[in-house]
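Enquirer: Given chain Y, put chain F in place with the hints provided.
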Amino acid sequence: MTQEIPPLHRRSAAASRAALIDYGKFFLFAGLTVWLLTLGTHGLGYNWQWYRIPRFLFTTEGGVWAAGPLLQGLLVTLEISALSLLCTLILGLTAALFRLSDSFTARALARGYLELIRNTPLLIQIFFVYFVISPVLDISAFSSAVLALSLFEGAYAAEILRAGIVSIHRGQWEAAHSLGLSTFDTYRDVILPQAIRRVLPPLAGQGISLIKDSSLVSTIAIYDLTMQGQKIVSETFLAFEIWFTIAAIYLVMTFGLSFAVRALEHRMNGFPIRGARGIA
Amino acid sequence: MSTNDVIIEAMEITKAFPGGVVALDRFSLAIRRGEVVVIIGPSGSGKTTFLRCLNGLEEIDSGSIMINGIPLDHHRKNRLLIRQEVGMVFQSFNLFPHMTVRENINLAQIRVRKKSRADAAEATMNLLVKVGITEKADRYPHELSGGQQQRVAIARALAMNPKVMLFDEATSALDPEMIGEVLEVMRSLAAEGMTMVVVTHEMGFAREAGDRIVFMENGRIVEVGETERFFANPSEERTRAFLGQIL
Numbered sequence: 000m001t002q003e004i005p006p007l008h009r010r011s012a013a014a015s016r017a018a019l020i021d022y023g024k025f026f027l028f029a030g031l032t033v034w035l036l037t038l039g040t041h042g043l044g045y046n047w048q049w050y051r052i053p054r055f056l057f058t059t060e061g062g063v064w065a066a067g068p069l070l071q072g073l074l075v076t077l078e079i080s081a082l083s084l085l086c087t088l089i090l091g092l093t094a095a096l097f098r099l100s101d102s103f104t105a106r107a108l109a110r111g112y113l114e115l116i117r118n119t120p121l122l123i124q125i126f127f128v129y130f131v132i133s134p135v136l137d138i139s140a141f142s143s144a145v146l147a148l149s150l151f152e153g154a155y156a157a158e159i160l161r162a163g164i165v166s167i168h169r170g171q172w173e174a175a176h177s178l179g180l181s182t183f184d185t186y187r188d189v190i191l192p193q194a195i196r197r198v199l200p201p202l203a204g205q206g207i208s209l210i211k212d213s214s215l216v217s218t219i220a221i222y223d224l225t226m227q228g229q230k231i232v233s234e235t236f237l238a239f240e241i242w243f244t245i246a247a248i249y250l251v252m253t254f255g256l257s258f259a260v261r262a263l264e265h266r267m268n269g270f271p272i273r274g275a276r277g278i279a
Numbered sequence: 000m001s002t003n004d005v006i007i008e009a010m011e012i013t014k015a016f017p018g019g020v021v022a023l024d025r026f027s028l029a030i031r032r033g034e035v036v037v038i039i040g041p042s043g044s045g046k047t048t049f050l051r052c053l054n055g056l057e058e059i060d061s062g063s064i065m066i067n068g069i070p071l072d073h074h075r076k077n078r079l080l081i082r083q084e085v086g087m088v089f090q091s092f093n094l095f096p097h098m099t100v101r102e103n104i105n106l107a108q109i110r111v112r113k114k115s116r117a118d119a120a121e122a123t124m125n126l127l128v129k130v131g132i133t134e135k136a137d138r139y140p141h142e143l144s145g146g147q148q149q150r151v152a153i154a155r156a157l158a159m160n161p162k163v164m165l166f167d168e169a170t171s172a173l174d175p176e177m178i179g180e181v182l183e184v185m186r187s188l189a190a191e192g193m194t195m196v197v198v199t200h201e202m203g204f205a206r207e208a209g210d211r212i213v214f215m216e217n218g219r220i221v222e223v224g225e226t227e228r229f230f231a232n233p234s235e236e237r238t239r240a241f242l243g244q245i246l
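Line by line, the protein sequences are chains Y and F.
Note that numbering that gives the first Met the number 0 has the first sequence beginning at 0, numbered continuously upward.
Note that numbering that gives the first Met the number 0 has the second sequence beginning at 0, numbered continuously upward.
Read the hints as simulated data drawn from the structure, not as lab findings.
Incorrect hints may appear among the rest.
Counterexamples of contact, computed for chain F against chain Y with all Cβ distances above 10 Å [said to hold, decoys possible]:
id: 1; residue: Ser27
id: 2; residue: Leu56
id: 3; residue: Asp60
id: 4; residue: Ser63
id: 5; residue: Leu79
id: 6; residue: Val85
id: 7; residue: Gly86
id: 8; residue: Asn93
id: 9; residue: Leu94
id: 10; residue: Arg101
id: 11; residue: Ala107
id: 12; residue: Ser171
id: 13; residue: Arg237
id: 14; residue: Arg239
id: 15; residue: Ile245
Some, not all, of what chain Y presents toward chain F, calculated at C-beta under 7 Å [as the list claims (entries may be wrong)]:
id: 16; residue: Glu173
id: 17; residue: Ala174
id: 18; residue: Leu178
id: 19; residue: Gly179
id: 20; residue: Leu180
id: 21; residue: Asp188
Owing to the predicted nature of the structure, the values given are computational and were not obtained by experimental measurement.
Cβ atoms here follow ideal geometry from the backbone N, Cα and C, with glycine treated the same way.
The following block holds chain Y by itself, in its conformation from the complex:
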């Protein structure tokens, strides 16, 4: 037994040395980036005025706290993203089930939707919904934004969900059917809980895309985070500071979503993905 310790010990020493080298590389790279950035801005003669940024986030005049334009924009972005995410999931699930249905009409409908949405640019879709559909349906710019984003992301979510559903072993369907469960019950109780658990990581990726894509709604006069940024920059010329700040806010949002999904994944870890076939 004691003979096994030296090689193990050596391996752990090697591992910590490798970790040290990794840290070294990371800080070297980070330092180099900062140095290049300062060099670049120095060369431009850019006058950094970070002290002017906080008041665009919030003001505390007379002890009263008030949200600045950037936080107001953030709120709009969050509202649009949250609503669109919900609609995306509903739309995506519907389209996925339609594509897998026995009905020719449902399959054709889903197929048409997916091809149409995935082969045209999102910006054009947003314009189309805002300028063509919204006057017909008499809906606001905000609703148009949510509709366009949901339609777009829903098509991708549908394909992710479909992949998850077809990845579930046929035996699960057969077991459910042999118990007399209807197709609806089989999806709800047997197939979807397993399928969604499997595709949670790519689904989260789609959610993150949605948050980022929501910046495009600034083109239809919605004062989201990006639009507020454009407005402030055009008034103050604080281009570097504002866009850095806005990028950081988006980063916090997407990290937040990733984190939430990872926590959800951990909670759903009651069974391993590999055991999902029911074969010992």
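Expert: Relative to the frame of chain Y, chain F by itself:
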């Protein structure tokens, strides 16, 4: 036996798979209530396909199947009705991996039989006692041995109070030392008078629990007989050759 006692009647059923393999070729078999029929035969003889046709997992090309007086046809309602009366145990268990043992057994009672949670829970506990795994009620399938998983699968099928149980090579995926515990449960079911159609390679079980043995090859019946007569004195040359190989 009067015809009233027939619970499963398969008439001239034919099933071919894409690619031209004929799994069942004008296959007819009538099974009486309370009978244990064991189907044996070489692999690819259509045994499993026959079982899967009996609860509509495979659609037959021609012929007719009647179970407990309900025709298994294109009507979705009839299909669901038959599936509620016919339990099936698979070679690969097919337990629902995201549900505990208890939830696996509760599901169909609540969703299909519309039982209250309390009623389902009580029936589930009784079934777990019956198959001998009460201590694993709150475990997930992957935490159980193969034999335990298969016993849970049997309990899950029994939870629907089926009139017929189909066993599709229920012990073939098990380690040798776990086969006994599953056969034990199947034997006690047979002793209780459950109508069973069993596809198996376990000749010991066939001899002991089977009322009738069906020997199949190429989608057709080669020989059917009462268990004792079948093993002691098979009438077909092909049956003798097959039994000679496996016994």
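Enquirer: Of the hints stated earlier, which fail here?
Expert: 2, 5, 6, 7, 8, 9 and 11
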